[in-house]
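Engineer: Taken in order, these protein sequences are the chains called L and P.
Residue numbers for the first sequence follow my numbering, so the first one is 862 and each next one is one higher.
Residue numbers for the second sequence follow my numbering, so the first one is 8 and each next one is one higher.
One thing to keep in mind: the hints can contain errors.
To be verified - The calculated lysine-lysine pairs, modelled on BS3-like cross-linking and capped at a C-alpha distance of 30 Å, are:
#1 P:K114 with L:K949
#2 P:K238 with P:K152
#3 L:K881 with P:K40
#4 L:K955 with P:K9
Said to hold, decoys possible - Some, not all, of what chain P presents toward chain L, calculated at C-beta under 7 Å:
#5 H14
#6 Q68
#7 P69
#8 G71
#9 R94
#10 I142
#11 Y147
#12 G265
Claimed, not checked - So, partial list: chain P residues that the calculated Cβ filter (under 7 Å) puts toward chain L:
#13 R12
#14 E47
#15 G93
#16 R132
Just so you know, these hints were derived from the structure itself, not from any lab.
No residue lacks a Cβ here, since even glycine has one placed at the ideal position from N, Cα and C.
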Amino acid sequence: MAGKQKLTIQDLAKIREKTKSLMTIREGEGRARVTVHMGTCGIAAGARDIMDALLEEISKANIQDVIVTTSGCAGLCGAEPMMTIEFKNQPPVKYGHLTPEKLRKIFVQHILGGQMATDLVLAVGSETVY
Amino acid sequence: MKHYRAHLLVCAGTGCVSCGSFKIKEALEEEIKKRNLQDEVQVVATGCNGFCERGPIVMVQPDGIFYQLLTVDDVPHLVEEHLIKGRPVPKLMYVPPAEKQPVPKMKDIEFFKHQRLIVLRNRGRIDPEKIEEYIAFDGYEALAKALTEMTPQTIIDEILASGLRGRGGAGFPTGKKWAACAREKRTPKYLICNGDEGDPGAFMDRSVLEADPHAVLEGMIIGARAIGAAKGYIYIRHEYPLALKRMEIAIGQARESGLLGEDILGSGFGFDLEVVEGAGAFVSGEESALIASVEGRIAMPRQRPPYPAQRGLWGRPTVINNVETWATVPNIIRRGAAWFSGLGTETSKGTKIFALVGKIANTGLVEVPMGITLREIVYGIGGGIPDKRDFKAVQIGGPSGGCLPAKMLDLPVDYESLTSAGAMMGSGGMIVMDDKTCMVDVAKYFLNFLQDESCGKCVSCREGTQRMYEIVKGITEGKGQESDLALLEELARITKDASMCGLGQTAGNPVLTTLRYFRHEYEAHILDKRCPAGVCKSLIRYVVLAEKCTGCQSCKKACPNDCIKGTLKDIHLIDQSHCIKCGACKEACKFEAIEEQRDEAIQII
Numbered sequence: 862m863a864g865k866q867k868l869t870i871q872d873l874a875k876i877r878e879k880t881k882s883l884m885t886i887r888e889g890e891g892r893a894r895v896t897v898h899m900g901t902c903g904i905a906a907g908a909r910d911i912m913d914a915l916l917e918e919i920s921k922a923n924i925q926d927v928i929v930t931t932s933g934c935a936g937l938c939g940a941e942p943m944m945t946i947e948f949k950n951q952p953p954v955k956y957g958h959l960t961p962e963k964l965r966k967i968f969v970q971h972i973l974g975g976q977m978a979t980d981l982v983l984a985v986g987s988e989t990v991y
Numbered sequence: 008m009k010h011y012r013a014h015l016l017v018c019a020g021t022g023c024v025s026c027g028s029f030k031i032k033e034a035l036e037e038e039i040k041k042r043n044l045q046d047e048v049q050v051v052a053t054g055c056n057g058f059c060e061r062g063p064i065v066m067v068q069p070d071g072i073f074y075q076l077l078t079v080d081d082v083p084h085l086v087e088e089h090l091i092k093g094r095p096v097p098k099l100m101y102v103p104p105a106e107k108q109p110v111p112k113m114k115d116i117e118f119f120k121h122q123r124l125i126v127l128r129n130r131g132r133i134d135p136e137k138i139e140e141y142i143a144f145d146g147y148e149a150l151a152k153a154l155t156e157m158t159p160q161t162i163i164d165e166i167l168a169s170g171l172r173g174r175g176g177a178g179f180p181t182g183k184k185w186a187a188c189a190r191e192k193r194t195p196k197y198l199i200c201n202g203d204e205g206d207p208g209a210f211m212d213r214s215v216l217e218a219d220p221h222a223v224l225e226g227m228i229i230g231a232r233a234i235g236a237a238k239g240y241i242y243i244r245h246e247y248p249l250a251l252k253r254m255e256i257a258i259g260q261a262r263e264s265g266l267l268g269e270d271i272l273g274s275g276f277g278f279d280l281e282v283v284e285g286a287g288a289f290v291s292g293e294e295s296a297l298i299a300s301v302e303g304r305i306a307m308p309r310q311r312p313p314y315p316a317q318r319g320l321w322g323r324p325t326v327i328n329n330v331e332t333w334a335t336v337p338n339i340i341r342r343g344a345a346w347f348s349g350l351g352t353e354t355s356k357g358t359k360i361f362a363l364v365g366k367i368a369n370t371g372l373v374e375v376p377m378g379i380t381l382r383e384i385v386y387g388i389g390g391g392i393p394d395k396r397d398f399k400a401v402q403i404g405g406p407s408g409g410c411l412p413a414k415m416l417d418l419p420v421d422y423e424s425l426t427s428a429g430a431m432m433g434s435g436g437m438i439v440m441d442d443k444t445c446m447v448d449v450a451k452y453f454l455n456f457l458q459d460e461s462c463g464k465c466v467s468c469r470e471g472t473q474r475m476y477e478i479v480k481g482i483t484e485g486k487g488q489e490s491d492l493a494l495l496e497e498l499a500r501i502t503k504d505a506s507m508c509g510l511g512q513t514a515g516n517p518v519l520t521t522l523r524y525f526r527h528e529y530e531a532h533i534l535d536k537r538c539p540a541g542v543c544k545s546l547i548r549y550v551v552l553a554e555k556c557t558g559c560q561s562c563k564k565a566c567p568n569d570c571i572k573g574t575l576k577d578i579h580l581i582d583q584s585h586c587i588k589c590g591a592c593k594e595a596c597k598f599e600a601i602e603e604q605r606d607e608a609i610q611i612i
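Hey, can you work out the whole structure from these sequences and the hints?
Structural biologist: Quick look at the structure:
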């Protein structure tokens, strides 16, 4: 990144822009947070492929403000593979019975576009936690 | 660089490295490869997180989970659970003392919660060996501003307005130092970074150099622009190999990117830096001694004035600042003097890093706003005294500092308050002592250090520290006389008044503050021949209580000096003339038949 070329002030700003977005993850904050459920049931149902497709789409789209995490079984093992999408100050949205194709659709529509892919949504909001 | 869904930030400060953090890093990388996660999970070595007590430390982002005391055997489980199944592993998390529930997130842990990071803002966040990660978090932005939008005078004005004072000990206003040097007409001028951190138990500068070397470089380049220096030196002690390595890497990267050398960022301004390895003497931290050492001479201070700003390195105008001071500079330039002076107290602005060590639950490195109380540091961040012992004193400011007692715990930490209490800010060492500490013994320890490290140039310091050490040593051995205390005070005063440099001028402090706050302990040693804390070996002895001894021979086997006599099932006897007072017998005895005696009766026998 810091090549043999001498930096100018514009270069410095460019490096900052380019790397900063890759580093937002170190702050633990982003525009959206996508959780792929990877309990035993999720993995058995193909969550690995969903994760691969998701990461591929993210790098293709060249966006860095989406945080990808994994979590355990969400309790509805029959609907695996599942994923939850959270935007700041909005209720989490769960998608189920995913395939890489469905994921790509959700990615474009919801993660990039901000519109829920209503036909694929499993539930909106989270369980009450006592 | 590419996008990773998770970053594992492995602490690679000296503390964690010596606990094996590089092995943890290797194991993580291996396991991640085995699980085929290398394209989605990144492992990064960062600078010291400060919570050295709990190393090796790994922080997982974006989840903010803090794992501690890791071993290589924990790694496969950690990867499987957290990174594959997304379940953080509670058994590897921090559990606060006297609590049962782990605290998963770093930001919720008491130790981190109350800190305010400015100088250490990049610790545990960036890889110090990668310049682009420093740039990502606004690195070199202040330099760009200083080179394009500011003149040397406005840079100096900004530093003056910020109220920044030297973090190395004396607390001289940094802006004034720079202004004095900028006024000098003679060239060339030089800059020096003082990284000769010599206080026992202090490691602030080391951590800054290891965690964020580019911050120090950036501060120095800005300083060079302000005073018009073309060459600078970074003096790092030889005992800090990791800091030396990372600084060399940083300088190499900065040169390659044109941030050092000629025509920096196309501004026409040129500056270069060199690392000088110190040979390790406490006195080389004194600025004129350090300059002598850079010049290749013996590190001996000289009379000031003239100050280095007028006659410094090779007789030329020189600005010399401490590591922490330099690393603060870019933050002030980037965010403005008003922001910086909004932190802290009337006379002490900004934050200060302290190395919190001794009898404290959370040993480590903390950055706190000036004006915070000692109590907040010791009990809030530090987690109090371990093993349910009582707080006795905190030693602040290194060997030249002082010991403050429990009644001073609500003292605000700023330059003036500490000095008026008899201690000093110093470079930021903070040694906490519990009720098992003997304050006379502590004074003896520091005097021994000082008489050893005195360069010997001033008679008052060379002889004064030695005589004080001998007297205090005598007191701990039960040879003290009533006249000793007055003599000690007189010696401490003379050493202070008649010595040339900071070492001698503050050498009396350990004696003066312990006498001021713990005089009764000296008196117990001298008048009653008794060490109240049971530390001074000449004033305690171990005896076998005949009525409790079963003759089991455990103590006899435990004694490293073979001075316990007795046959099986007979009462044992300790040969006092050979006993080294190690207490091993007391620990070995299952019947509480060995007693440690601390009263005057000892002397009669």
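Engineer: Next step is simple, just say for each hint if it's right about the structure.
Structural biologist: Hints and how they fare:
1. P:K114 with L:K949: The hint holds at about 19 Å.
2. P:K238 with P:K152: Holds, because 21 Å separates the two Cα atoms, which is no more than 30 Å.
3. L:K881 with P:K40: The hint holds at about 26 Å.
4. L:K955 with P:K9: 27 Å, holds
5. H14: Result: holds, 6 Å to nearest chain L Cβ.
6. Q68: 5 Å, holds
7. P69: This hint holds: P69 (chain P) lies near chain L, its Cβ roughly 4 Å from the closest one there, short of 7 Å.
8. G71: 4 Å, holds
9. R94: Result: holds, 5 Å to nearest chain L Cβ.
10. I142: It holds, given that the least Cβ distance between I142 (chain P) and chain L is near 5 Å, below 7 Å.
11. Y147: 6 Å, holds
12. G265: Since chain L brings a Cβ to about 3 Å from G265 (chain P), closer than 7 Å, the hint holds.
13. R12: 4 Å, holds
14. E47: 6 Å, holds
15. G93: 3 Å, holds
16. R132: 5 Å, holds
Comparing the model with each numbered hint stated earlier shows that all of them hold.
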